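Colleague: Each protein sequence line maps, in turn, to chains Y and R. Numbering-wise (UniProt numbering), the first sequence opens with residue 1 and increments by one. Numbering-wise (UniProt numbering), the second sequence opens with residue 1 and increments by one.
Hints were generated in silico from the structure; no laboratory data involved. Values in this document were obtained by computation on a predicted structure and should not be read as measured data. One thing to keep in mind: the hints can contain errors.
Covered, in the sense of this in silico footprint (three residues per stretch, anywhere, with C-beta under 8 Å from a C-beta of chain Y), are these stretches of chain R [to be verified]:
no.	segment
1	37-45
2	89-95
3	103-113
The beta-carbon is built from N, C-alpha and C at its ideal position, and this holds for glycine as well.
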Amino acid sequence: MLDILTAILIAGLTTGALYALATVGLSLVWGSMGMLNMAHAAMLTLGGYSAFTLCTVLGLPVIAGFAGAILVGAVAGGLLYVLIVRNLLKTDKATFESNVMIATVGIGIALENAILLTYGGQPLKQPISATGSFILGPVSLPYQNMLIVLVVIALMAVIALLLGRTRMGRAIRATAQNREAAQLMGVAVNSVYFQVLVLSGAIAGICGVMVSSMTQLSPPLGNDPMLKAFIMCVVAGLGNLPGAVAAAFGLALLEAFVQYVAGARWGFPTLLFVVIAVLIWRPAGLFGRVQIRRM
Amino acid sequence: MSASTQPPVLSLSNVVSGYKGLQVLKGISFDIAAGDFVTVVGPNGHGKSTLLKTISGLVPLTSGAIRINGEPAPGKPHTIAGLGVAHVPQGDMLFPEMSVLENLLMGAYLAPSKAEIDRRLDEVYTLLPKLSDRRDQVASSLSGGERRMVGIGRGLMMGGQILLIDEPSLGLAPLIIEQIYGVITELSRSGRTILLVEENPARVADLADHLHLLDDGIIVWSGPPAELLARDELLATYLGG
Ligand SMILES: Nc1ncnc2c1ncn2[C@@H]1O[C@H](COP(=O)(O)OP(=O)(O)O)[C@@H](O)[C@H]1O
Ligand SMILES: [Mg+2]
Numbered sequence: 001m002l003d004i005l006t007a008i009l010i011a012g013l014t015t016g017a018l019y020a021l022a023t024v025g026l027s028l029v030w031g032s033m034g035m036l037n038m039a040h041a042a043m044l045t046l047g048g049y050s051a052f053t054l055c056t057v058l059g060l061p062v063i064a065g066f067a068g069a070i071l072v073g074a075v076a077g078g079l080l081y082v083l084i085v086r087n088l089l090k091t092d093k094a095t096f097e098s099n100v101m102i103a104t105v106g107i108g109i110a111l112e113n114a115i116l117l118t119y120g121g122q123p124l125k126q127p128i129s130a131t132g133s134f135i136l137g138p139v140s141l142p143y144q145n146m147l148i149v150l151v152v153i154a155l156m157a158v159i160a161l162l163l164g165r166t167r168m169g170r171a172i173r174a175t176a177q178n179r180e181a182a183q184l185m186g187v188a189v190n191s192v193y194f195q196v197l198v199l200s201g202a203i204a205g206i207c208g209v210m211v212s213s214m215t216q217l218s219p220p221l222g223n224d225p226m227l228k229a230f231i232m233c234v235v236a237g238l239g240n241l242p243g244a245v246a247a248a249f250g251l252a253l254l255e256a257f258v259q260y261v262a263g264a265r266w267g268f269p270t271l272l273f274v275v276i277a278v279l280i281w282r283p284a285g286l287f288g289r290v291q292i293r294r295m
Numbered sequence: 001m002s003a004s005t006q007p008p009v010l011s012l013s014n015v016v017s018g019y020k021g022l023q024v025l026k027g028i029s030f031d032i033a034a035g036d037f038v039t040v041v042g043p044n045g046h047g048k049s050t051l052l053k054t055i056s057g058l059v060p061l062t063s064g065a066i067r068i069n070g071e072p073a074p075g076k077p078h079t080i081a082g083l084g085v086a087h088v089p090q091g092d093m094l095f096p097e098m099s100v101l102e103n104l105l106m107g108a109y110l111a112p113s114k115a116e117i118d119r120r121l122d123e124v125y126t127l128l129p130k131l132s133d134r135r136d137q138v139a140s141s142l143s144g145g146e147r148r149m150v151g152i153g154r155g156l157m158m159g160g161q162i163l164l165i166d167e168p169s170l171g172l173a174p175l176i177i178e179q180i181y182g183v184i185t186e187l188s189r190s191g192r193t194i195l196l197v198e199e200n201p202a203r204v205a206d207l208a209d210h211l212h213l214l215d216d217g218i219i220v221w222s223g224p225p226a227e228l229l230a231r232d233e234l235l236a237t238y239l240g241g
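Excised from the complex, chain R in its bound form:
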C-alpha cells in the first residue's frame, strides 16, 4: 500500500521523552507509511501512552525528531492537531459535563466550515449509529463502551488521516471490545493511517501490518503480529506468557 517515493506520514527518529525527573522513552525510531496499521504492544507502565502523547505533543520531546508528512512536528499539541493527527487517548478523556454531540463538536474545533462539520458528523453517525441516539446525553452518564465510542467519534471529527489510538479495549467487556475493533477495522479499510497501542498482541493479530514490542522505553522487537504470537520465548519474556 505504501509507495516508496512518498515520505512516511509519521516518522520517529531516536525519540527520547518523559516527565520531570523520569525518562520514559529511551530512543524510539520507526516510520509509518500512509494507510498502514501499526501496533505497539508492551507491558503496563513501559511507555506506550507516553509514546502517543509525545507524538501528539502533550509530552515534550527531550531529544530526537518527529516528522509528520515529512515536516518536523511543531511542539504544541494544538498545532499538531491541526496537521491531521487525531489522538484518541487512554481512558477516553471526554468532556464529562458536555453532551455527546458537544464532545463530537469539540473534535471538529478546527474544522474550516459548518458544512465540513456536518459532513464529518454524518460520517461519524453512520459508523457509530449509537452516538446519534445518544447525542443529547451528558458524557459522564454513558456506559464504558459508549464512552469509548464517543472518544473514537470525537477523534474522527478531527478529520485527520492519522489516528493514534490508546488501548481501545481497556476496561470493556469482550462483546464490546469486538464491536470497538469492528469499528477500528473499518477505519483502517477507509485508508486511514493507524498507530494503535495494546497490551494484548492477539487482539491485533489479523489487523496490524506491523508490530513493535516496547519494553522499558525501547523497541525490543519488530515484525508482523503473527510472528510475535508464534514466538513463545518473546511472549514469555516481555508479556508474561
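Bound-form chain Y, shown alone:
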C-alpha cells in the first residue's frame, strides 16, 4: 500500500513539476501581453534538442547542455518578438490576439519540421539524466525524479524572486495589470514584451530538457506538455502564475492517481472533464481574476 502511494506521489509530483514549468512559460506570456504562444511547444522541443546537440553530438559537459538549452530558448523567444510579435503589435490591437495565435501556430509547425529535417524522426536519448534511486526503507526515490522536482522548485523560486522583487519584475506585473498606467509611469511596454518572451523562451528551453529526460527526444516532444499546460492555465485562470503552479501539481497528482486506479488511458479524459467542470462552475478559472485583462 505504501509503495503504491509513493509511486503515485512520485509520478504525480514529477509530472506536476514539468507541467508547472510548461504552464508558467505559457501563462507569463498570456498574462502580461494577452498572447497565446502556440509555438511554446516547439520552443520546448528546441531546448531538448539543443542540450542533445551540445552534450551528445559535441561531447560537452551536462552543465553546458543546460545552459545551452536556456540560451537557445531565450534567443528563440527574443527572435519571436523581434520578427513577429513586434510587427503584429503595430497593427490593430483588437485583432492582435487572434493574429498572434495564428502566426505562432505556423511558427510552431515550421520549427517542429525543421527539427524533424535536422535530426530525423527516430527517438533520441536525452543525455542529461540521472540513473539510480535513493532507497529509504521500503520506498525508492529515483534520482531522475528528485532532480526534476528540485530543479523546478529552484527555478520557480528564481522566477518568483525575479517577478516579485526586481524592478524588471515589477514592470512586467504592472504591464500585465494595467498597460496604460505602466506606460504613464515610464515603462516601455515593448521592451517588457521582449523581456517576457525571452524569459518564457528560457523557461521553455529548460523545460524541454527536463521533459525529454523523462521520456525521449522526438520532434513532437513539446506538444503534450503544452496541451497540459494550456489545461492548467484554463483551470487556474489565464495569467495567474501561482494558481497555475498549484493547478499543475494538483492535476498531475489527480492524473497519476486516475492512471493508477483506472488505467493510463483515463488520465487525459479526467483532466478534460475537470476543465469543463471548472469552466461551467467558474468561467474565469479557479483563481481567475474577475475579468480577463486584454491588450
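With the hints as your guide, set chain R with the ligands onto chain Y.
Modeller: Just chain R with the ligands, lined up with the frame of chain Y:
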C-alpha cells in the same frame, strides 16, 4: 508667477487627436507657465480626458504640436513621463494586485537612485499620511478615496513638476472631495504646474489661475474661473446651468 522670458512649461498649438474613426480634439491651443494652475472644464464625453491623454502620449497626435519646456514632445508615453509630466488618470488606473507601496514604487520607476525614491516616498507619506498606514494593503481592497490618494501619490512619486490630474472628485463623497482638493491645493502651493480637468467649475473657483471651457473638442471660452461662474448664459449653454 510666470516670468515672461521663460518658455511655457507646456504649450499646445492646434492639437488635433482622437481615436480610430473618431476625431475628438479639433484644434486646441493654450500655454501653461511654470507654477500655474489651469483647469479645463466641460461636459462629459467632450474630450477632457482625451486632452490629458494626448499630452501624456497615450493618445497619438493627429496634427498640431505639443511642446514641453520648449521642446517638441516625444510621441511615446514612457519618454514623456521621463520629462517630468505626471498624468494622474481618470478612475485612478492603479495596479490592482499590487500593494499601496508597490503602486507608489511604480511611480518612481524612472527615479535615478534609491535615495531619491526614499526622498519622494517621505514626501508622499507626509502629504498623504494615510498611505503610510496602508502601505501593505492590496490596491483593489482600498476605498474610493484611498484609491484616489494612491493615484495622486503615485503621480507625485514620478517626481515631475507638471501634474495632469483628471477628475479628482469623480465618484467620491463630498467630505473626501474636500480632502483631495486640500492635497491638490498644497501641491499647487509647492510650486508645481497643474493642469486639472473637472466637470464642475465651482470646485476650482478659488484654486485655478485660469480656466478653459471645452465643448465638443474645441475651447469655447477662456478666463478666470470666477468670471465663468458669473456668466449664467455660459453655464446654461455649456454646463447645463
Ligand atoms: N479608448 C477610446 N476609444 C474610442 N473612443 C473613445 C475612447 N476613449 C474615449 N472615447 C470617446 O472620445 C470622446 C471623448 O471622451 P473623453 O475624452 O473621455 O471625454 P471626457 O473626459 O470629457 O468625458 C467620447 O465620445 C468617447 O466616447
Ligand atoms: Mg474624462
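Colleague: Would you mind marking each hint as holding or not holding in the structure?
Modeller: To see whether the hints hold, each was checked on the structure:
no., hint, result
1, 37-45, "violated (count 0)"
2, 89-95, "holds (count 4)"
3, 103-113, "holds (count 5)"
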